[in-house]
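S.K.: If you want the building blocks of each chain, they are given just below.
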Amino acid sequence: MVPDINKGKAWQIGIAELHVPPFALQWEAIGPKHPLWIERIKLEITLIHKYIDYLCSEKSKPWFYIKPDTSPSIKGIVWRGNILVPAKPEINFDIVIVLNLDYPKVAPRAFVEERLIGLAGQKIYVKNRFPSEQDPRTGEWVKDPQTGKSYVMICHDHIAELEGAWTPNLGIVHFFIREVWYWFAAMQNQIVDLYNQQVDFSK
Amino acid sequence: MSENITLRFTTRVGIKKEVIPFPADESLPFIDVVQEICKKVNEKNVNSLNIATPAGNVLMKSDLFKSVGEIKEEFGIDFEIIIIGTVG
Chain R
7 MVPDINKGKA WQIGIAELHV PPFALQWEAI GPKHPLWIER IKLEITLIHK YIDYLCSEKS
67 KPWFYIKPDT SPSIKGIVWR GNILVPAKPE INFDIVIVLN LDYPKVAPRA FVEERLIGLA
127 GQKIYVKNRF PSEQDPRTGE WVKDPQTGKS YVMICHDHIA ELEGAWTPNL GIVHFFIREV
187 WYWFAAMQNQ IVDLYNQQVD FSK
Chain D
825 MSENITLRFT TRVGIKKEVI PFPADESLPF IDVVQEICKK VNEKNVNSLN IATPAGNVLM
885 KSDLFKSVGE IKEEFGIDFE IIIIGTVG
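Quick note, the sequences are listed as chains R and D, same order. Here the first sequence is numbered in this note's numbering, starting from 7 and rising by one per residue. Here the second sequence is numbered in this note's numbering, starting from 825 and rising by one per residue.
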C-alpha cells in the first residue's frame, strides 16, 4: 500500500509542529523499559498540552482527545481517546495508540474502532487489530475489555516511506500530527459523506 | 469594492518545503482557487485532495462553495493541501 507518489519525498514541518519541538537528545533512549519512562510520559503529556494550547490560540475546534492508559503492566504503552469531525462532532470514533517496547526508535501504531472500515476501508489494515487475538473457534476478533470494541490499524505506510517522517526525537504528539491527523484529514470528507449516507439510509 | 486577499497553501509531503501564495479577489468562489491549486500540485480534480487549516480543521465540501472572503473570515489565510494519494 506504499504509494509511489511519495518516492523521494520527505515530511515537511508545518505551522502546528513549530509549537511542539522534538525531544532533546537524552530522551531518545527513554522508552517503555527505561527507569525514566514515567518522566517521559509526563513530557509527552506536556507536549500534547502545548499542541492543544496552539489549537485553542487559533480558535480551532478540538478534533481529538487522548490520554495514557495506566492499567497495563507497563504504564503508558497504550493511549486511548477519540477523534472527531469538528464541524460535525456527532461523527466521532474511539482511537487507541499502541507503543512498541522499542519506542521511540520505532513509531507508535494507531488503531481506530472497526466501524470505520465501512467509511475509510481503503486506507485501513483490516487484519491488523487491537487486541490482536482471534477466537480460535469462531475466528472473531477478541474485543477490547475496556470498550467492548475491536480496533483496526490505519495506514501508516507514508510514515515509513517519507524521509524524516519518523525519527527517535519525536513523540506521541508528533505521531498524532503526522499520522493520525494526516490520515484523518485525508479521509474526512469521505467519512462524512458515507456517514451521512448511512444515517439517511437508516431513516 | 472588493479586496484582494493572498491565501497561502503548503503541503506536508514534498521534495522541499514550499508555500504557494494565491492572490484572489474576496468575491471569488473558493472552489475556483482550489481548482487552480489542484493544477499546481498536479492533481486531476478537487476530489483527490482535502484542504485543512494548520490547526487541524478540514474544510467540508460545502465550504468550497463559499467565497474567498468568507473562507478568510472563518478559517484564516493559511491552508494545508492534503493529497489523499500520499496517505498510505
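The hints are simulated quantities; they were obtained by calculation from the structure and are not laboratory data. Glycine included, every Cβ here is placed at the ideal spot set by N, Cα and C. Be aware that one or more of the hints could be misleading.
Claimed, not checked - Interface residues of chain R toward chain D, partial, derived using beta-carbon atoms under 10 angstroms:
hint : residue
1    : Gly20
2    : Ile21
3    : His40
4    : Tyr60
Said to hold, decoys possible - Quick list of the computed label-pair ranges, beta carbon to beta carbon:
hint : chain 1 : residue 1 : chain 2 : residue 2 : range
5    : D       : Ser872    : R       : Asn134    : 22 to 28 angstroms
6    : R       : Gly145    : D       : Ile844    : 47 to 53 angstroms
7    : D       : Gly909    : R       : Pro95     : 24 to 30 angstroms
8    : R       : Pro78     : D       : Lys885    : 36 to 42 angstroms
S.K.: Give a verdict on every hint.
M.R.: So, going through the hints one by one against the coordinates:
1. A cut of 10 angstroms between beta carbons decides the hint on R:Gly20: the least distance to chain D is about 6 angstroms, and the hint holds.
2. With a cut of 10 angstroms, the hint placing R:Ile21 at the interface with chain D holds, because the nearest CB-to-CB distance is about 4 angstroms.
3. Proximity of R:His40 to chain D is violated relative to the hint, the smallest CB-CB distance being about 31 angstroms (cut-off 10 angstroms).
4. Checking R:Tyr60 against chain D by beta carbon gives a least distance of about 7 angstroms; that is within 10 angstroms, so the hint holds.
5. The supplied range of 22 to 28 angstroms is met by D:Ser872 and R:Asn134, whose beta-carbon atoms lie about 26 angstroms from each other.
6. Take R:Gly145 and D:Ile844: their Cβ atoms lie about 49 angstroms apart, and the range 47 to 53 angstroms holds.
7. A C-beta distance of roughly 28 angstroms is found between D:Gly909 and R:Pro95, which places it inside the suggested range of 24 to 30 angstroms.
8. Separation of R:Pro78 from D:Lys885 is about 40 angstroms and conforms to the stated range, judged on CB atoms against 36 to 42 angstroms.
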